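Chemist: Quick note, the sequences are listed as chains X and W, same order. Throughout the first sequence, residue numbering follows numbering that gives the first Met the number 0, covering 0 to 305 in sequence. Throughout the second sequence, residue numbering follows numbering that gives the first Met the number 0, covering 0 to 244 in sequence.
Just so you know, the hints here were simulated from the structure itself, not pulled from any lab data. These numbers come from a predicted model, not from an experiment. Any given hint could turn out to be false.
As the list claims (entries may be wrong) - In silico lysine-lysine, BS3-like type, Cα no more than 27 Å apart, as pairs:
1. Lys94(X) with Lys90(W)
2. Lys87(W) with Lys9(X)
3. Lys94(X) with Lys19(W)
4. Lys133(X) with Lys87(W)
5. Lys180(X) with Lys170(X)
6. Lys72(X) with Lys87(W)
Stated by the list, open to error - Each pair of labels, with its calculated beta carbon distance range:
7. Asp11(X) with Ala217(W): 39 to 47 Å
8. Phe13(W) with Leu177(X): 34 to 42 Å
9. Thr224(W) with Asp201(X): 48 to 56 Å
10. Thr215(X) with Gly21(W): 22 to 30 Å
Note that the Cβ used here is the ideal one computed from N, Cα and C, for glycine as well.
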Amino acid sequence: MIDAENLTKKFDELTAVDNLTLHVEEGEVFGFLGPNGAGKTTAMRMLSCLISKTSGEVRIAGYDVSDDADSLKIRKIIGLLPENVGLYDDLSAYKNLDFYGKLYECAETQREKNIEHFLKMLGIWEKRDIIVGKFSKGMKQKLAIARALIHDPEILFLDEPTVNLDPESSKTVRDFILELKKEKKTIFLNTHNLYEAQKICDKIGIMNTKLMAIGTPRELEESIWGNKTLVHLELINDTILQALARLSLKYIVTDNNQLIIDVANPEKENPLIVEAIVRAGGHVQYVTELSPTLEDAYLKYVRETE
Amino acid sequence: MRFWKSWVIATKDFSIFRNKKGIIYSIVILPLLLSIGLPLLISAEGLGKGGIPIAALPNLLNAFSFFFVILAASLTTVIASYSLVGEKIEKSIEPLLATPTTDEEILLGKSFAAFLPPIATIYFCLVIFMILIDKLTYNTLGYFYFPNWNLLIILLLVAPLSSILTVELGIILSSRVNDVRTAQQLGQLVIIPFFALYILGEIGFIPLNIHNLLIISAVLLVIDTILFFISTLTFRREEILIKWK
Chain X
0 MIDAENLTKK FDELTAVDNL TLHVEEGEVF GFLGPNGAGK TTAMRMLSCL
50 ISKTSGEVRI AGYDVSDDAD SLKIRKIIGL LPENVGLYDD LSAYKNLDFY
100 GKLYECAETQ REKNIEHFLK MLGIWEKRDI IVGKFSKGMK QKLAIARALI
150 HDPEILFLDE PTVNLDPESS KTVRDFILEL KKEKKTIFLN THNLYEAQKI
200 CDKIGIMNTK LMAIGTPREL EESIWGNKTL VHLELINDTI LQALARLSLK
250 YIVTDNNQLI IDVANPEKEN PLIVEAIVRA GGHVQYVTEL SPTLEDAYLK
300 YVRETE
Chain W
0 MRFWKSWVIA TKDFSIFRNK KGIIYSIVIL PLLLSIGLPL LISAEGLGKG
50 GIPIAALPNL LNAFSFFFVI LAASLTTVIA SYSLVGEKIE KSIEPLLATP
100 TTDEEILLGK SFAAFLPPIA TIYFCLVIFM ILIDKLTYNT LGYFYFPNWN
150 LLIILLLVAP LSSILTVELG IILSSRVNDV RTAQQLGQLV IIPFFALYIL
200 GEIGFIPLNI HNLLIISAVL LVIDTILFFI STLTFRREEI LIKWK
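Next up, chain X with everything else stripped away, as it sits in the complex:
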């Protein structure tokens, strides 16, 4: 559905996006993670035909973004939620959506149906005749999402959909995106929110001008380190550490009597570790498996580029 090959954007001497290659399948939710200035918005703008590319190839649903005629076709099948909602404060919620519905060439009856459907779904149907200037930030964000969906697009580009929202509004927006996922919409999501990415996305790309890593959330987590076992002891002493050394295990000692040990095969090695510690006179309080988080993966890949 979205195919980018070596996509690059330069602003004079500055390279904002460097050789980005990615493929997003139909019905997939793809999350783009990266720090500020990583080129996420620039990449999204290139994919949604808002700005030109310096080099590379991009096809959206088979259409070429650099072709003017194709570009209009692409814009007809995509919906965009930009970072700034950009609604018309002096128009009502209904008129905002109606205006965009017309520009997206949505027939009148379909437009009316869609406006009612999305405003009801997002809980703002009762406020449809109120001017948007009187809306809260969360309501504006919901309305902007409805705007992106007004023409029932095949692909949705969402740039930081929950930024600056309170937790309740964030949850509403997240739940709504999950609803869209169920409807098999292809969603391209830029976010800083790792929890959101993990919860919503099928595939994640970590970007810092270049694409540093790509995969499912689980694949990214596992890509940074293997299995680790955490052993909490009453007290750690040299005898215990020597016993572990005899098992040829790599470990680190934390300052609150915890050992974090690298294990290749937890089911086989964990009993051996516990046995060695007990024989060395240690009192094991608990043993648990440590899993890397998406945050660990994100920080590792981003720091690699700094």
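For this one, chain X is given, so just place chain W on it according to the hints.
Modeler: Structure of chain W alone, referenced to chain X:
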């Protein structure tokens, strides 16, 4: 070019203007005051003996008509500033550019929005002006002074061309300024040459007769054409998103 798309954009702007009382007042009050005030001034002075000499009347009325050209340029600035800088302030330009609408269709829609309300107001007020002047001068002149070719050229050429000039300037200015007031203040500079023409017409240095009005129209047409090309170069989606600060 799909004109209906431009019209959708223009009608959206008209809806916004309707909710902004300040815009309505600023484009209606001054032309209305002039269309009533100028005839009242003539009425107060009187015509003929002790008043305005009959021979000077055509020149005076032609110069008064030219006031509406100044207004056309000035009022368009007010609207053009809201239409384009407003879009920039509300950051609504990005979702607008994301729709399947071409840059030219958006630019034309914005131009309609900035051009039509002031021109409609000017036309309406000019009709009031003509009726009042004819009513005042008919008995003295023995004929209806308006409508005449002078006014028709003003109505159909000079005023629209001066308004279009302001629209084009508004587009170019919008790429450089960030608030409506600055855009309006800078845009108002456009009335200086028109005001100079009015003064020169009033003192008889460049009489605002048919011949001179046609020359002014031709000059405006050339300037409008040049500014049109500059404004279309300015109004490109990439320029707007990246360079319009």
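Chemist: Take the hints in turn and mark each one as holding or not.
Modeler: Now for the hints, and whether the structure bears them out:
| no. | hint | verdict |
| --- | --- | --- |
| 1 | Lys94(X) with Lys90(W) | holds (17 Å) |
| 2 | Lys87(W) with Lys9(X) | holds (24 Å) |
| 3 | Lys94(X) with Lys19(W) | holds (16 Å) |
| 4 | Lys133(X) with Lys87(W) | holds (20 Å) |
| 5 | Lys180(X) with Lys170(X) | holds (15 Å) |
| 6 | Lys72(X) with Lys87(W) | holds (26 Å) |
| 7 | Asp11(X) with Ala217(W): 39 to 47 Å | holds (41 Å) |
| 8 | Phe13(W) with Leu177(X): 34 to 42 Å | holds (39 Å) |
| 9 | Thr224(W) with Asp201(X): 48 to 56 Å | holds (54 Å) |
| 10 | Thr215(X) with Gly21(W): 22 to 30 Å | violated (54 Å) |
In this structure, only the earlier hint numbered 10 is contradicted, and the remaining ones agree with it.
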